Structures are given as structure tokens and as C-alpha cells.
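What follows is each chain in one-letter form.
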Amino acid sequence: MRQLAIYGKGGIGKSMVSSHISFAVADMGMRILHLGCDPKHDSTRLLLAGKMPRAILDILRESDFRTGSMELEDIVFESPLSATVSGALFGAESGGPEAGAGCAGKGVTEAIRTLTALKAHEKLELDAVLYDVLGDVVCGGFSMPIKRGHAKEIYIVSSGEFQSLFAACNISRAIARFAERSGARLGGIIGNLRNMEGEQEVLTKFAERLGTKIVGFVPYSEKIKTASGRGETLFQYAPDSPECDAMRQLAQNIVDNDTLNIPEPLNFDELHNWWQEHKVLAA
Amino acid sequence: MKQIAIYGKGSIGKSTIATHLSYAIASRGKRVLQVGCDPQSDSTHNLTAGHIKPILTVLAENDFDYEDIELEDIVHPSRLTFDSGGSIFCAEAGGPEPGVGCGGKGTIEAITTLKKMHVFEELHPDIVIYDILGDVVCGGFSQPIRDGFADETYIVTSGELEALYQANNVMGAVNRFKNRSGAKLGGLIANLKGMEKEERIIKDFASKTGTDVLTIVPFSQLVKQCSGVNKTVYEEHADSMEAQKYTQLADMILAEHDELTTPQTMNFEDLYEWWSDYVH
Chain A
1 MRQLAIYGKG
11 GIGKSMVSSH
21 ISFAVADMGM
31 RILHLGCDPK
41 HDSTRLLLAG
51 KMPRAILDIL
61 RESDFRTGSM
71 ELEDIVFESP
81 LSATVSGALF
91 GAESGGPEAG
101 AGCAGKGVTE
111 AIRTLTALKA
121 HEKLELDAVL
131 YDVLGDVVCG
141 GFSMPIKRGH
151 AKEIYIVSSG
161 EFQSLFAACN
171 ISRAIARFAE
181 RSGARLGGII
191 GNLRNMEGEQ
201 EVLTKFAERL
211 GTKIVGFVPY
221 SEKIKTASGR
231 GETLFQYAPD
241 SPECDAMRQL
251 AQNIVDNDTL
261 NIPEPLNFDE
271 LHNWWQEHKV
281 LAA
Chain B
1 MKQIAIYGKG
11 SIGKSTIATH
21 LSYAIASRGK
31 RVLQVGCDPQ
41 SDSTHNLTAG
51 HIKPILTVLA
61 ENDFDYEDIE
71 LEDIVHPSRL
81 TFDSGGSIFC
91 AEAGGPEPGV
101 GCGGKGTIEA
111 ITTLKKMHVF
121 EELHPDIVIY
131 DILGDVVCGG
141 FSQPIRDGFA
151 DETYIVTSGE
161 LEALYQANNV
171 MGAVNRFKNR
181 SGAKLGGLIA
191 NLKGMEKEER
201 IIKDFASKTG
211 TDVLTIVPFS
221 QLVKQCSGVN
231 KTVYEEHADS
241 MEAQKYTQLA
251 DMILAEHDEL
261 TTPQTMNFED
271 LYEWWSDYVH
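Protein chains in written order, with this note's numbering: chain A, 1 to 283; chain B, 1 to 280.
It is worth saying that the hints were derived from the structure and are not from the lab.
Since the structure is predicted, the reported quantities are computational estimates derived from the model, not experimental observations.
One or more of the hints may lead you astray.
[To be verified] Straight-line Cα separation of at most 20 angstroms, PhoX-like style, residue types lysine-lysine; simulated pairs:
1. Lys279(A) / Lys184(B)
2. Lys197(B) / Lys225(A)
3. Lys279(A) / Lys231(B)
4. Lys223(A) / Lys116(B)
5. Lys178(B) / Lys225(A)
6. Lys2(B) / Lys116(B)
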């Protein structure tokens with residue numbers, strides 16, 4: 001079973017990108033579970049015809065965190081789009097803490113524990129699991145999928161902006177830290193372009209500097225925004241567009257990817273200096 | 001001494017707002033302490049001559065032994081001087097090593113350290129500005145609200161869903177702790193990203209949640225350009241509209257106001273539906 005995780009800073013487009021990957025992978029004939037690991041619990045929105053599923057953490061709270069009386073159907077939803085693909089597409093959301101209390105990464109830990117307890121992987125006969133994880137705060141909680149070896153291949157969504165590259169470095173440091181223990185590796189960078197001049201070159205050089213590669217670029221596009229606004233992926237809204245082709249190619253590159261690395265991340269000062277040499281101006 | 005917290009999601013412009021507030025307030029002859037509470041540790045970047053060492057790093061280097069740490073190790077005077085006699089001091093909380101521990105720990109440790117080392121008594125600032133990452137409103141990052149360090153909480157937001165979501169979460173934290181710590185919401189600071197109908201979205205959000213929009217900072221390349229050379233807009237374009245906006249905001253925050261509110265939060269599904277109606 002392929003175990004993928006998509007990390008990126010909040011607002012960078014990781015849920016949008018990972019929804020397209022999950023759909024494309026299911027369209028290739030695989031059975032995939034897309035698990036949103038962002039307290040905002042809207043990762044699977046584009047796959048569920050605009051609806052948002054209830055978060056696993058919310059359901060657990062109602063049952064005092066006992067999984068004994070829970071059914072898999074309570075927490076995992078089959079996407080309405082599943083009928084349109086040759087594989088199968090399932091979704092679930094981890095959820096997060098109440099504002100101001102507790103640990104934000106707890107949702108991730110609890111979601112994985114619950115899915116395991118309910119034997120989701122066996123019962124759904126999964127070929128792949130995709131974790132879509134918030135990467136702003138790479139604390140113990142949010143790095144669970146890397147740390148415990150739930151995710152073997154990590155992909156980082158990044159634009160050419162400094163903040164986004166900084167988050168990518170932090171995620172890479174977590175991978176490097178746990179690589180030996182958990183077997184997690186960096187699969188590559190997914191460039192989600194923000195319409196900056198020279199952005200592809202900056203991202204390509206950045207990937208090289210990290211000791212990895214670009215697995216695909218998502219073009220800056222009004223079509224993607226419109227599709228997202230409608231609660232759809234490009235596979236529904238504009239399947240024949242060049243943007244959708246880019247998504248197909250990205251998913252194919254991930255499925256075919258056989259070079260996984262332990263990254264060599266930069267610390268803040270190193271990144272800052274690197275940035276001074278390579279920075280681009282907003283177009 | 002007044003203590004305020006500026007919350008905002010990463011890259012929304014909260015450090016830019018905090019930095020210019022510090023400048024404007026120091027220009028009024030006040031002593032300001034700006035504390036960056038974002039693991040990225042660059043809140044005060046445009047106020048200092050170089051990158052300053054985060055408190056958490058200094059603590060780690062000294063095995064968390066306060067005896068070995070001097071005030072100068074953790075609080076740094078700004079490179080800026082003011083004819084008004086005001087001054088700015090800068091500190092960065094720092095964050096954990098990626099992959100281990102708690103992201104909010106930097107915030108908690110930094111504030112505890114400032115207290116234990118009697119920084120407030122020695123510097124006697126008129127105002128302390130905590131610049132805090134609001135993406136994850138967990139126990140750690142909400143400590144300034146929870147433990148009553150921040151008398152007033154301000155939230156920087158754009159019209160983007162992510163930004164409004166975090167604003168709503170910060171409001172939830174203010175509500176949760178209002179009785180325990182006396183936490184109050186000062187209002188929203190709109191930092192526009194250039195979306196369509198953005199001002200209307202933010203104003204409507206404010207009225208739905210029962211709060212005020214204190215100021216609307218337009219989308220500006222000028223501020224970005226200044227930041228690119230590590231400068232404030234006051235140094236490069238003192239007469240710009242942007243500079244005036246920040247000064248206005250600073251005066252509003254300095255003024256005593258009793259109209260502080262406890263907000264009404266929205267649940268995410270409602271927030272999402274309401275927001276979607278605007279963007280379609």
C-alpha cells in the first residue's frame with residue numbers, strides 16, 4: 001500500500017492540490033483514502049460535492065474517545081465521485097481542538113488511531129492513503145504521520161514565496177530527523193505557482209538545494225479558483241484544460257516516483273542568505 | 001503598562017502591522033517592547049540590524065538556567081532611534097525543533113522568561129506588543145489570552161477564507177477565557193490582499209461576529225518594497241498613505257477605549273457558506 005503525505009503551509013493550496021492527486025490516483029484504478037489533517041477539516045471538500053464531513057475528533061468527543069461502539073461508516077465517507085472512477089475514492093477529516101484549548105496535532109494522532117482500530121485499510125481494501133497535513137507548525141502532533149511511519153513518501157506543496165520555502169525547510173527537518181526510525185522520505189516538491197516572476201526557477205533551485213526534485217508544477221490559474229469556489233476539482237469543472245493536464249501529470253509523476261530522499265534542509269539563517277541570492281519579485 | 005496581542009495567520013502581514021505600530025507608538029515618545037511569537041522568529045526583522053537569537057534558543061544554550069542569562073541576551077534595542085525620546089525593544093520567542101514537542105511552547109517559555117527575568121520592571125515599557133501566529137489556536141499559542149498577559153487582542157485578517165477562519169478561532173479563544181483572564185477583543189485590522197469585494201466581506205464578517213474593523217490597510221507594493229530592504233515604510237516614505245494608516249491605528253490603540261467586545265463566533269460550516277456566497 002502506498003502511504004503518501006502532502007505537507008504545506010496553510011493557504012498554500014495543499015488541499016486543492018491533494019484533492020486533485022487523490023482523484024487522479026483513483027481514476028488510474030487505485031482505491032485511495034484521502035485523510036485531511038488540518039483542524040479546519042475542509043481538505044476533502046472538493047471531493048464531496050461541496051459538503052463537509054464531520055471530523056473524527058468531533059465524533060470521538062461524543063463517545064468519550066471510545067472506538068468500541070463506532071462504525072467505520074461513521075468516520076469514513078465514500079466520495080460521490082467514486083462512481084465516476086475505475087478505482088475508489090474515500091475521504092475522512094481528523095479535525096482539531098476547540099479554540100484556545102489543548103493540542104492542535106491531537107486530531108491527527110486520534111484520527112490515525114481510530115482508523116487503525118476500525119481496520120479501515122483492510123476493510124476498504126486500500127491501495128493508497130493520502131494524508132493532507134498542515135505544515136505551519138511542525139510540532140510533534142502534526143509530524144505524527146512522518147514520525148510513526150504512517151506516511152512513507154512526503155511531498156511538500158510550496159510557492160516561490162519565502163514563508164512557504166521556510167515551511168518546506170521545517171517539514172524537511174522533521175523528515176530528516178525521523179528518516180532512520182520511521183523510514184519516511186521526501187518524494188519531492190510540488191510547485192503551486194503564485195504568478196511570481198522566475199518562480200519555477202527559484203523552486204527548481206530550491207528543490208536541488210534540499211536534495212530533492214520538483215514532481216510537478218501547478219499553474220497559476222483563475223480556472224482552479226473558480227472550480228474550488230464551486231466545490232469541484234478540475235476533473236469535473238474543466239477536464240480538458242491544460243491546468244487539468246498538469247494535475248494528471250503531477251499524479252502520474254507521484255505514482256511513478258521511485259527516487260525518495262532524505263532531505264538536507266537549510267536553517268533560518270541559511271535560507272535567509274539563500275533567499276537574498278535567489279529571490280524573485282512579485283509579478 | 002498596556003499589553004496587546006496581534007494575532008494573524010502566517011504571511012497575513014501581522015509582523016508588518018506590529019512593526020509599524022511599534023514605530024508609530026515610539027514616535028509618540030513611548031517605550032515599546034515587541035515580542036515575536038511565531039516559530040519563524042522574524043517578527044522584529046525590519047526593526048533590528050540583524051537576525052536576533054530567539055529566547056528559546058538562548059534558553060537551550062544555557063540549559064534553561066536563568067542565572068546564566070542576561071537581559072541583553074534576549075531583548076535587543078531596535079536599530080531605530082526616535083527624536084521623540086521613544087524607543088523600541090525587540091524579542092523573539094522562537095519555536096521547537098521541527099518534529100518534536102509543542103509549537104506553542106516558544107510562546108509560553110518566552111513570556112515566562114520575560115517575567116522571571118523582570119524584563120518589564122527593568123525596561124518599564126509603556127506598551128508590550130505580542131505578535132502571534134494564529135494558524136493554530138491551540139493551548140500554546142493562546143497563552144497570552146488565557147493567562148491574561150494581553151489586555152486587548154487584535155486580529156489581522158484579509159478577506160480570504162483561511163484568514164477569516166483563524167480570526168474566528170482567535171475570537172473563540174477570547175470568549176473561552178474572558179471570565180478567567182478578562183480577555184477582550186480590540187477589533188479587526190483589515191490587511192487587504194486585493195480580492196474582489198474584500199472590504200465588504202471583512203465588514204460583514206465584523207458585524208456578524210459583533211466586532212469592529214479598526215482600519216483597512218489597502219494592498220500595497222510600497223510596504224513590500226520597503227520590507228524587501230528591511231525597512232519600515234516610515235523611513236522610506238514617511239508621507240505615504242500607508243504610513244498615515246499605521247499612525248491612525250496606533251493612536252486608536254493607545255487611546256483608552258471601553259468599547260472592547262466579546263465576539264460571537266461562527267461555526268465553520270456557516271462561515272464557509274457565508275463566504276462562498278461572496279466569492280461566487
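Consistency of the hints with the structure:
In summary, the hint linking Lys279(A) to Lys184(B) is not supported, as the alpha carbons are separated by about 40 angstroms, beyond the 20 angstroms threshold. Taken as a hint, the Lys197(B) and Lys225(A) pair is honoured in the structure, with Cα atoms around 16 angstroms apart against an allowance of 20 angstroms. Distance hint between Lys279(A) and Lys231(B) is fulfilled; the C-alpha atoms sit about 17 angstroms from each other, no more than 20 angstroms. With a C-alpha separation of about 54 angstroms, the suggested pairing of Lys223(A) with Lys116(B) is violated against the 20 angstroms cut-off.
For the given pair, Lys178(B) sits about 38 angstroms from Lys225(A) by alpha-carbon distance, which is inconsistent with the 20 angstroms threshold. Only pairs whose Cα atoms come within 20 angstroms are accepted, and Lys2(B) paired with Lys116(B) is accepted, the gap being roughly 19 angstroms.
In this structure, the hints that do not hold are numbers 1, 4, 5, in rising order.
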